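**Q** Quick note, the sequences are listed as chains A, B and C, same order. Residue numbers for the first sequence follow our numbering, beginning at 1 and rising by one. Residue numbers for the second sequence follow our numbering, beginning at 1 and rising by one. Residue numbers for the third sequence follow our numbering, beginning at 1 and rising by one.
These aren't lab readings, by the way, just hints derived from the structure by calculation. Given the structure is predicted, the values throughout are model-derived calculations rather than measurements. Keep in mind that a hint or two might mislead.
Derived lysine to any residue pairs resembling SDA-like cross-links, with alpha carbons at most 25 Å apart [stated by the list, open to error]: (1) A:K124 with C:G16; (2) A:K211 with C:S3; (3) C:K4 with A:E8; (4) A:K19 with A:E8; (5) C:K4 with A:S118.
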Amino acid sequence: MKATQQLEQQLKRRSKAAKLEIWGRVVSFSALLLIVAVVVAIIGFVASKGIATFTSNHVNLWDFLTGKQWNPNITDANGKPEVGALPMIVGSFLITILSALVATPFAIGTAVFMNEISPNKGAKILQPVTELLVGIPSVVYGFIGLSVVVPVTRAIFGGSGFGILSGTCVLFVMILPTVTSMSADALKSVPRYYREASLALGATQWQTIYKVVLRAATPGLMTAVVFGMARAFGEALAVQMVIGNAALMPNSLVSPSSTLTSVLTTGIGNTVMGSLQNNALWSLALVLLLMSLIFNLIIRLIGRKGRLQ
Amino acid sequence: MSKKRWVQGLVLVVLLVLGVFAYQTRQVSHAGESITAVGSTALQPLVEAAGEQYTGEHLGTFVNVQGGGTGTGLSQIQEGAVQIGNSDLFAAEQKGIRSTELVDHRVAVVGITPIVNKKVGVKNLSTKQLIGVFTGKITNWQQVGGANLPVVLINRAQGSGTRATFEQFGLNKSRSKTAQEQDSSGMVRSIVATTPGAISYVAFSYVDKTVQELDLNHVAPTEVNVTTNKWRIWSYEHLYTKGQPTGLTKNFITYVQSPAVQKTLVRQLGYLSPDQMQVERNAQGHVKQLGGTK
Amino acid sequence: MTSKKQNQLAIGALYGIAGLVVLILLALLGYILVSGMPKLSWHFLTSPAKAFLSGGGVGIQLFNSFYLLILAMLISFPIALGAAIYLYEYAKDNWVTATIRTAIEILSSLPSVVVGLFGFLFFVVKLRLGFSILSGAFALTFFNLPLLTRSIEDSLRTISDVQREGGLALGLSRWETVTRVILPAAVPSILTGVILSAGRVFGEAAALIYTAGQSAPALNFADWNPFNISSPLNPMRPAETLAVHIWKINSEGIMPDAKAISSGSSAVLVLAILLFNFAARYLGKRLYKRLTSA
Numbered sequence: 001m002k003a004t005q006q007l008e009q010q011l012k013r014r015s016k017a018a019k020l021e022i023w024g025r026v027v028s029f030s031a032l033l034l035i036v037a038v039v040v041a042i043i044g045f046v047a048s049k050g051i052a053t054f055t056s057n058h059v060n061l062w063d064f065l066t067g068k069q070w071n072p073n074i075t076d077a078n079g080k081p082e083v084g085a086l087p088m089i090v091g092s093f094l095i096t097i098l099s100a101l102v103a104t105p106f107a108i109g110t111a112v113f114m115n116e117i118s119p120n121k122g123a124k125i126l127q128p129v130t131e132l133l134v135g136i137p138s139v140v141y142g143f144i145g146l147s148v149v150v151p152v153t154r155a156i157f158g159g160s161g162f163g164i165l166s167g168t169c170v171l172f173v174m175i176l177p178t179v180t181s182m183s184a185d186a187l188k189s190v191p192r193y194y195r196e197a198s199l200a201l202g203a204t205q206w207q208t209i210y211k212v213v214l215r216a217a218t219p220g221l222m223t224a225v226v227f228g229m230a231r232a233f234g235e236a237l238a239v240q241m242v243i244g245n246a247a248l249m250p251n252s253l254v255s256p257s258s259t260l261t262s263v264l265t266t267g268i269g270n271t272v273m274g275s276l277q278n279n280a281l282w283s284l285a286l287v288l289l290l291m292s293l294i295f296n297l298i299i300r301l302i303g304r305k306g307r308l309q
Numbered sequence: 001m002s003k004k005r006w007v008q009g010l011v012l013v014v015l016l017v018l019g020v021f022a023y024q025t026r027q028v029s030h031a032g033e034s035i036t037a038v039g040s041t042a043l044q045p046l047v048e049a050a051g052e053q054y055t056g057e058h059l060g061t062f063v064n065v066q067g068g069g070t071g072t073g074l075s076q077i078q079e080g081a082v083q084i085g086n087s088d089l090f091a092a093e094q095k096g097i098r099s100t101e102l103v104d105h106r107v108a109v110v111g112i113t114p115i116v117n118k119k120v121g122v123k124n125l126s127t128k129q130l131i132g133v134f135t136g137k138i139t140n141w142q143q144v145g146g147a148n149l150p151v152v153l154i155n156r157a158q159g160s161g162t163r164a165t166f167e168q169f170g171l172n173k174s175r176s177k178t179a180q181e182q183d184s185s186g187m188v189r190s191i192v193a194t195t196p197g198a199i200s201y202v203a204f205s206y207v208d209k210t211v212q213e214l215d216l217n218h219v220a221p222t223e224v225n226v227t228t229n230k231w232r233i234w235s236y237e238h239l240y241t242k243g244q245p246t247g248l249t250k251n252f253i254t255y256v257q258s259p260a261v262q263k264t265l266v267r268q269l270g271y272l273s274p275d276q277m278q279v280e281r282n283a284q285g286h287v288k289q290l291g292g293t294k
Numbered sequence: 001m002t003s004k005k006q007n008q009l010a011i012g013a014l015y016g017i018a019g020l021v022v023l024i025l026l027a028l029l030g031y032i033l034v035s036g037m038p039k040l041s042w043h044f045l046t047s048p049a050k051a052f053l054s055g056g057g058v059g060i061q062l063f064n065s066f067y068l069l070i071l072a073m074l075i076s077f078p079i080a081l082g083a084a085i086y087l088y089e090y091a092k093d094n095w096v097t098a099t100i101r102t103a104i105e106i107l108s109s110l111p112s113v114v115v116g117l118f119g120f121l122f123f124v125v126k127l128r129l130g131f132s133i134l135s136g137a138f139a140l141t142f143f144n145l146p147l148l149t150r151s152i153e154d155s156l157r158t159i160s161d162v163q164r165e166g167g168l169a170l171g172l173s174r175w176e177t178v179t180r181v182i183l184p185a186a187v188p189s190i191l192t193g194v195i196l197s198a199g200r201v202f203g204e205a206a207a208l209i210y211t212a213g214q215s216a217p218a219l220n221f222a223d224w225n226p227f228n229i230s231s232p233l234n235p236m237r238p239a240e241t242l243a244v245h246i247w248k249i250n251s252e253g254i255m256p257d258a259k260a261i262s263s264g265s266s267a268v269l270v271l272a273i274l275l276f277n278f279a280a281r282y283l284g285k286r287l288y289k290r291l292t293s294a
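Build the full structure now, drawing on both the sequences and the hints.
**A** Here it is as structure tokens:
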């Protein structure tokens with residue numbers, strides 16, 4: 001009787017492996033929880049600070065999003081502070097879209113070359129170079145922008161050389177490696193037999209690339225582009241050095257303008273915590289955060305569509 | 001497996017022993033004797049250099065100097081998170097600061113001058129003309145007797161001390177129109193130097209051969225003119241403390257205000273010493289003649 | 001006929017694009033290296049920076065960059081590894097997992113300024129860590145976690161399910177399969193991912209300006225006791241990194257050779273990242289050979 005009970009207990013006891021299993025599960029899950037906690041903390045923090053502009057400083061949300069005057073130090077005729085973020089929002093979008101427009105053909109072209117036309121050269125030259133460039137710090141990009149791109153823009157178009165065009169040039173080079181390597185991954189995931197089938201049907205290489213490979217890889221390519229846009233949207237230091245930081249509606253590509261990040265980095269040190277000026281800057285950060293949320297949702301949506309096909 | 005455990009245990013013990021040993025042999029005199037000064041990036045080099053000299057002379061102390069901007073400095077000193085707040089402005093001028101709680105220690109005087117690109121061909125402006133240029137009424141340098149070049153305004157960031165001083169005393173409190181803003185003096189100078197028609201303003205120490213400084217109403221931007229307030233665009237650099245300073249904070253501030261720093265570092269970095277001034281100015285901009293002692 | 005011509009034309013165009021991209025990228029690298037090379041010397045790499053005189057180096061900044069990187073990696077790697085294992089090996093494919101993934105993605109696309117400011121208000125001010133290497137390492141961890149998690153997860157994905165099934169079929173638990181079978185196989189690609197993300201962390205500036213600080217106090221390289229304030233190992237001292245240094249001298253640098261120093265520092269930074277990349281490639285290949293042939 002006792003012996004059987006003991007045996008039963010022994011059998012029912014968790015084995016060492018099972019304990020380890022639980023331990024491993026708990027440890028890895030808590031690591032994940034930690035990351036989630038960090039994300040929630042940051043989002044909560046930025047949101048609480050950013051919303052203060054509207055709750056405790058009573059700025060109208062609509063005025064904030066559509067106003068064209070950004071002078072948080074000054075109140076307008078109605079006694080309301082001038083915190084119109086439209087110039088920055090427009091500037092951010094313009095610069096993001098333009099740099100993505102320029103970078104996409106180059107990135108996809110290079111990725112196609114790496115994968116389809118000359119995999120040998122691709123692996124030997126292009127891949128190392130692009131991977132290296134992903135790692136170049138944004139300060140260095142800004143520094144080059146300042147010493148090369150801005151003077152060239154100035155020489156060609158006049159004015160001060162600072163503006164959306166210079167910013168686009170810098171961002172184009174900055175996101176190019178990211179988009180290229182992600183596009184290359186997308187192309188790599190297209191099964192080999194797609195290509196073989198197409199070539200066997202008598203299609204030329206270009207027709208195979210254009211009609212089969214690129215079509216099949218479209219969701220992945222779009223993800224790459226949107227990811228590049230998200231990076232461009234959130235970039236601060238490099239853009240700040242070349243865009244000119246004038247809170248004006250951009251009326252041409254070579255007039256100084258500003259982005260959400262450039263105003264944020266320029267102004268945050270000069271304002272006092274808890275004041276309207278400071279809160280208004282945090283609201284800009286909140287807009288940035290929401291935008292990166294939207295970019296992510298878009299990437300996800302594209303990914304899901306790709307999977308369904 | 002058991003051998004591995006053993007090695008792991010040994011490593012752990014060695015680390016522990018080393019840690020305890022390190023803790024025991026730490027330089028006890030260093031503990032607790034450190035202060036932090038945060039704020040104005042313009043003032044940072046001076047305080048940093050003074051801090052290094054001071055800690056070199058007084059072993060066992062440590063002065064930690066950080067930038068972050070005037071606003072950061074003032075809000076941190078108000079919170080009591082740091083011991084010294086470096087500021088380009090009077091605390092009373094900064095919105096959101098309860099200046100009555102803070103004690104002002106002036107450590108330097110900085111003169112600010114308008115600078116223009118060399119191609120502009122203007123060397124003197126009247127205050128009225130300067131205001132016209134910065135408020136956008138004057139859009140071509142021809143209108144003030146210069147070359148046929150459009151005016152390109154370059155401002156410092158909103159809330160920067162240099163800009164506040166320039167607008168108050170250079171533009172008689174008129175507000176500059178919205179234009180390009182730059183974060184720092186070095187950047188402003190290099191942009192003005194390379195952009196035809198550009199105008200901006202920097203501290204005297206940033207003026208070099210690449211840009212043209214402007215006389216204002218035929219008064220030259222010189223240090224002598226600042227000391228007599230003939231050149232009106234100048235401001236103090238402040239170290240703020242919360243309440244009266246004590247201990248190391250007090251000693252350090254006294255050191256910065258002493259001739260040992262005022263006659264050497266302050267001058268080397270292109271500032272004037274408050275001791276040289278023949279006038280005094282308060283937060284409201286009222287100027288008082290100092291009783292003719294010098 | 002036309003399709004053949006089209007083919008030639010298109011492929012020619014692709015050659016052109018690829019060539020152009022390589023050209024742009026090489027020109028970029030060349031520019032950085034050529035303009036920075038003249039500044040590089042043993043003296044430049046080892047001597048401390050000077051606040052306002054010429055002839056300063058980046059010795060302390062370089063050391064700080066590496067130290068900070070190692071600390072940040074020590075903190076973030078275990079967390080990222082755990083999270084990646086859970087996400088790929090355990091998590092069910094439902095909306096909770098999807099939400100978590102989205103959250104991590106958001107963290108990765110967050111502007112680093114925001115991370116830096118959060119780090120400033122939380123670690124520096126609230127937890128009273130001050131401007132220190134530790135605050136900087138935590139901020140970098142935030143910045144690094146999503147990248148690292150994603151890259152480790154990708155590495156796990158490259159290990160075929162056959163290996164997992166094999167492990168499970170041998171009667172190993174899931175955790176044992178992961179630690180004994182999957183991880184060893186994934187080590188080379190995990191390592192590559194870690195080194196590549198180290199490159200990005202190495203060059204990060206915006207997240208560090210307000211956390212690790214913008215000043216590099218003199219260090220005593222003979223003193224390796226981490227409890228002493230001037231010891232290079234002290235995690236509570238402020239530490240300006242190379243990337244922050246470039247940013248600072250570009251904005252407020254008043255030393256006469258600021259431009260040369262910033263080109264020199266950029267070249268050092270790029271060379272370091274080049275080194276990381278080659279190391280990643282080399283180690284990855286060697287480990288792969290070793291682990292797969294064994």
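**Q** Assess, step by step, whether the Cα of A:K19 is no farther than 25 Å from the Cα of A:E8, and give holds or violated.
**A** Holds, at roughly 18 Å.
**Q** Is A:K124 close enough to C:G16, meaning Cα to Cα at most 25 Å?
**A** It holds: about 17 Å lies between the C-alpha atoms, which stays within 25 Å.
**Q** Is the Cα-Cα distance between C:K4 and A:S118 25 Å or less?
**A** Holds, at about 19 Å.
**Q** Is the straight-line distance between the alpha-carbon of C:K4 and that of A:E8 25 Å or less?
**A** Violated, at about 78 Å.
**Q** If you draw a straight line from the CA of A:K211 to the CA of C:S3, is it 25 Å or shorter?
**A** Holds, at roughly 13 Å.
Going down the numbered hints, you'll see the structure goes against just number 3.
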